[in-house]
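*Asks:* Sequence:
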Amino acid sequence: MTSADALFSRLVRRDPDAEAELPTAVREDLPGNSLRLIGANALQSSGDRAVNASTVLPWLFHALGVPAVLTGLLVPIRESGSMLPRAFLTPLVVRVRRRTNVFVAGAVVRAVCVAVMAATAALASGLVAGIIIVAALAVFSLGRCLCSISSKDVQGRTMPKGERGQVNGLATTASGLVAITLGLAVRALGDRLDVAVLAAILGLGAVLWVLVALVYSGIREPVEESGQEHPSRRSRGDLLREREDDGPGWFAQTVTLLREDRAFRSFVTVRGFLLVSSLSPPFIVTLAVQPGAPALTGLGGFIIASGPAALLGGRVFGRLADRSSKWLMTIGAGLASIVLVVLVLLVTLLDLDGGSLLTYVVFVSSYFLVTMLHTGVRVGRKTYVIDMAEGDQRTTYVAVSNSAMGVILLVVGAISSAIAGFGIVWALLFLAALGVLGVVSSTRLAEVSRGA
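Quick note, the sequence shown lines up with residues 2 to 453 if you use our numbering.
To be clear, the hints were calculated from the coordinates, so they are not data collected in a lab. Values in this document were obtained by computation on a predicted structure and should not be read as measured data. Any given hint could be a false lead.
[Unchecked claim] Here are the in silico distance ranges between beta carbons for each label pair:
(1) Gly66 with Asn102: 34 to 44 Å
(2) Arg221 with Ser366: 19 to 29 Å
(3) Ala120 with Arg445: 43 to 53 Å
(4) Thr349 with Ala120: 21 to 31 Å
(5) Ala125 with Arg445: 25 to 35 Å
(6) Ile339 with Arg99: 51 to 61 Å
(7) Arg98 with Ala123: 35 to 45 Å
(8) Val140 with Val256: 22 to 32 Å
(9) Pro223 with Ala106: 31 to 41 Å
(10) Val408 with Ala106: 38 to 48 Å
(11) Ala120 with Ala186: 36 to 46 Å
(12) Leu215 with Gly422: 38 to 48 Å
The beta carbon of each residue, even a glycine, is placed where N, CA and C say it ideally should be.
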């Protein structure tokens, strides 16, 4: 047994039956490829922490004196900017036989964009700095889009069912360690968290993305003729690619796929309801920031809380996803809704003093639980979409579902923000209700996991 094989066996609970179904060349490369996937995904998660649109970039904008209107654009541009173009970019991606090259290109784009942000932070300020950084973030999102489309296909080609969720979970665990480290650093710096330090954090992020590209380029990906992996699945799965030259535009093709493929449409619908765990944490933070609140209920405390959430949830949820990604999503959304309802009841019924220990426990614990459950929901839905299809159909599913989610995210985000105008608790209750709908809908999804 080689050192790579031994290390892989220690990190991942292997499935001999699933591995036996792989082609010989893929099976021989499995340990090395898996370790590279884990390493690249861990570095990718770390890079994302350094360029977080909910923490690092807003702090930077405040320090640079950027108008608040641009600060409000950060999260929508980062999320929707990486989702909306996916169906449009998919016909280009499926032309590339080696999808690792697409991922490496996306990682390089992200490294360059983060380097531009770091340089802008060091050399500019005010409105000009804000415009340049927002523009760089938009291009960064396109690189993120390319990485997301290609990474799931590479993982599907190089790893068997039963082990994919664990790889995603290990990467999430590594990102938790980074969150704890970053959060503690922020707490230690206190008032010394100036523009120079934030620019240095962005510079570190650029270096991390270069390392991501280098590690990922070493993956040995089996190259197969496009569309030949599973001919029986071509009628719908290859819809975008087959009609790109002589059919309707990509948007019409996307609508056709959502209309005709019932199983895929159900997954996209459920994924929309699963936004309960991704959109609620900022509202929890907003509700917690009150005059006289203890320091740990501030931003640094929540960053620290997100670390253990990913650290504990990554490994456990990775294995659960391989058993049943469907039920992991279902239970995660349901528990997140329960946490939000309990939080609203505590805030409404108890006279919480902003500086009390009880306030600290209630808000940070709620944030921790919702963030940890979101880890499970995210690992579950990523594993589900990988397992529900093969070949180019998988690539198409990932692209179309994320393009649809870009629109859904904007709509649900706008609704929850409007409701928050009447009170943060109402926005949390709206998201909790959304999660309940997700539980009901996800129970109707087909089982696609090998361990189910």
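*Asks:* Each hint needs a verdict: does it hold in this structure or not?
*Replies:* Okay, the hints, checked on the actual structure:
{"no.": "1", "hint": "Gly66 with Asn102: 34 to 44 Å", "result": "41 Å, holds"}
{"no.": "2", "hint": "Arg221 with Ser366: 19 to 29 Å", "result": "44 Å, violated"}
{"no.": "3", "hint": "Ala120 with Arg445: 43 to 53 Å", "result": "50 Å, holds"}
{"no.": "4", "hint": "Thr349 with Ala120: 21 to 31 Å", "result": "47 Å, violated"}
{"no.": "5", "hint": "Ala125 with Arg445: 25 to 35 Å", "result": "52 Å, violated"}
{"no.": "6", "hint": "Ile339 with Arg99: 51 to 61 Å", "result": "45 Å, violated"}
{"no.": "7", "hint": "Arg98 with Ala123: 35 to 45 Å", "result": "41 Å, holds"}
{"no.": "8", "hint": "Val140 with Val256: 22 to 32 Å", "result": "27 Å, holds"}
{"no.": "9", "hint": "Pro223 with Ala106: 31 to 41 Å", "result": "20 Å, violated"}
{"no.": "10", "hint": "Val408 with Ala106: 38 to 48 Å", "result": "26 Å, violated"}
{"no.": "11", "hint": "Ala120 with Ala186: 36 to 46 Å", "result": "22 Å, violated"}
{"no.": "12", "hint": "Leu215 with Gly422: 38 to 48 Å", "result": "47 Å, holds"}
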